[in-house]
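J.: One-letter residues, chain by chain:
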Amino acid sequence: MKLIHFFTRPRAAPQPRTAPVARERLQILLAHERAVSGKSDLIAILQEEIMAVIAKHFPVDSEGIKVKMERGEVVSTLEVEVEIPTPMCPSFPLPAKPALAEPACAAGVAEAAQTGS
Amino acid sequence: MAKVLVVTSGKGGVGKTTSTAALGAALATAGKNVVLVDFDVGLRNLDLVMGAERRVIYDLINVVQGDAKLAQALIRDKRVPTLSLLPASQTRDKDALTDEGVARVIAELKEKFDWVICDSPAGIERGATLAMRHADVAIVVTNPEVSSVRDSDRIIGLLDSKTEKAEKGERVEKHLLITRFDAARAGRGEMLNVEDVLEILSIPLLGIIPESFEVLRASNLGSPITLNNPVSAPARAYFDAAKRLNGEALDMTIPSDRRGLFGKLFGRRAA
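Top to bottom, those sequences are chains B and S.
Under the numbering used here, the first residue of the first sequence is numbered 3, with each subsequent residue one higher.
Under the numbering used here, the first residue of the second sequence is numbered 336, with each subsequent residue one higher.
Everything labelled a hint here was simulated from the structure, so no lab data went into it.
In this text, all values refer to a predicted model and were calculated from it rather than measured experimentally.
Treat the hints with care, as some may be off.
Taking lysine to any residue and the SDA-like style, the derived pairs with C-alpha atoms no more than 20 Å apart in a straight line are [said to hold, decoys possible]: (1) LYS497/S x GLN49/B; (2) LYS497/S x ALA24/B; (3) LYS500/S x ILE47/B; (4) LYS503/S x GLN49/B; (5) LYS346/S x GLU35/B; (6) LYS346/S x LEU31/B; (7) LYS503/S x LEU32/B; (8) LYS346/S x GLN29/B; (9) LYS497/S x LEU48/B; (10) LYS346/S x LEU32/B; (11) LYS503/S x ALA46/B; (12) LYS346/S x ALA24/B; (13) LYS346/S x ARG36/B; (14) LYS497/S x ARG36/B; (15) LYS503/S x LEU44/B; (16) LYS500/S x ALA46/B; (17) LYS497/S x ALA37/B.
With the rest of the complex left out, here is chain B (with noise of 0.2 Å):
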């Protein structure tokens, strides 16, 4: 090699920045990782919370309170499922005949809705 190539040597390109690319990753990913571990403490708040004030007027065990959520497009459902001992709830006999009770309900909140209006 002729001396004057040691000095006319074209050097390596330099390297691309990557770490710009590793933060922007990391933002995207945590934002998203942190938003659904949020929401899962989210349901376990709400599972102790619901059984707190259920417990205070029947019996029942961590086991018979089912909480769920589900994520749609435009709505989102949270289920909520307690299961009660049925000889535990004397001062809530079952209605004779399920069907007639939500009407009667549903009538009762129209005519509330009615009257404030």
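The hints should help you fit chain S onto chain B, whose structure is shown.
T.: Positioned in the frame of chain B, the structure of chain S alone reads:
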């Protein structure tokens, strides 16, 4: 008042054990009574990094199960008299560690020492949650690298929910320790810089440990870096971090081993 400190990270291989040994030795040389507790059952290494592997007779599980007294299991360091080690078991299953047993041992250690430093295993399973369970202070060890930062974020979440303090509605004091940092590469945009990591994890910075050959040299010899070569760049960074843990306010610097031309020509013998 004794403080329980957990050194944790989520990801393995980022420098938890190295940092536990280095910070423990730094605090002990400053006159504090320090015990290092290895929680990595089945994969213990703190004894090896501390150079005490041939002195292990009883371990944490023996003490938790009542087979040995705490005083029988503690290994006093031969270099620093105020530094002790409680090794993990290499053969037993981690399920042998019960919540009550660990709580009892930690309470007993708090009576004898100023600092109880728990070296957490990697991961987020039982071993890691047990190590952080009784912590007052946590050091999250992070490399400036995507997988380490992500796992640290997860561990920070656990420190805020799975610790005794969190369950009582209090907060574990959290600190970030960035290890294996290469200032030159970060400057060239090849490595996440300190500000990036701080912004993403948003917990206060305890120290920046520069990448250095000295760390491997020290672990080869079974000596914490702060004892093996106290003037090396990583050791100086660990000494600063230890001072911050004791409440001193120091300017944040990244120590460097680089020497000027004079140092390069004449400084070799000193190294």
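J.: Look at each hint and say if it fits the structure.
T.: Hint check:
no. : hint               : result
1   : LYS497/S x GLN49/B : holds, 18 Å
2   : LYS497/S x ALA24/B : violated, 29 Å
3   : LYS500/S x ILE47/B : holds, 17 Å
4   : LYS503/S x GLN49/B : holds, 19 Å
5   : LYS346/S x GLU35/B : holds, 17 Å
6   : LYS346/S x LEU31/B : holds, 17 Å
7   : LYS503/S x LEU32/B : violated, 27 Å
8   : LYS346/S x GLN29/B : holds, 18 Å
9   : LYS497/S x LEU48/B : holds, 18 Å
10  : LYS346/S x LEU32/B : holds, 16 Å
11  : LYS503/S x ALA46/B : holds, 17 Å
12  : LYS346/S x ALA24/B : holds, 17 Å
13  : LYS346/S x ARG36/B : holds, 18 Å
14  : LYS497/S x ARG36/B : holds, 16 Å
15  : LYS503/S x LEU44/B : holds, 18 Å
16  : LYS500/S x ALA46/B : holds, 19 Å
17  : LYS497/S x ALA37/B : holds, 18 Å
Hint compliance for this structure: hints 2 and 7 are not met, and every other hint is.
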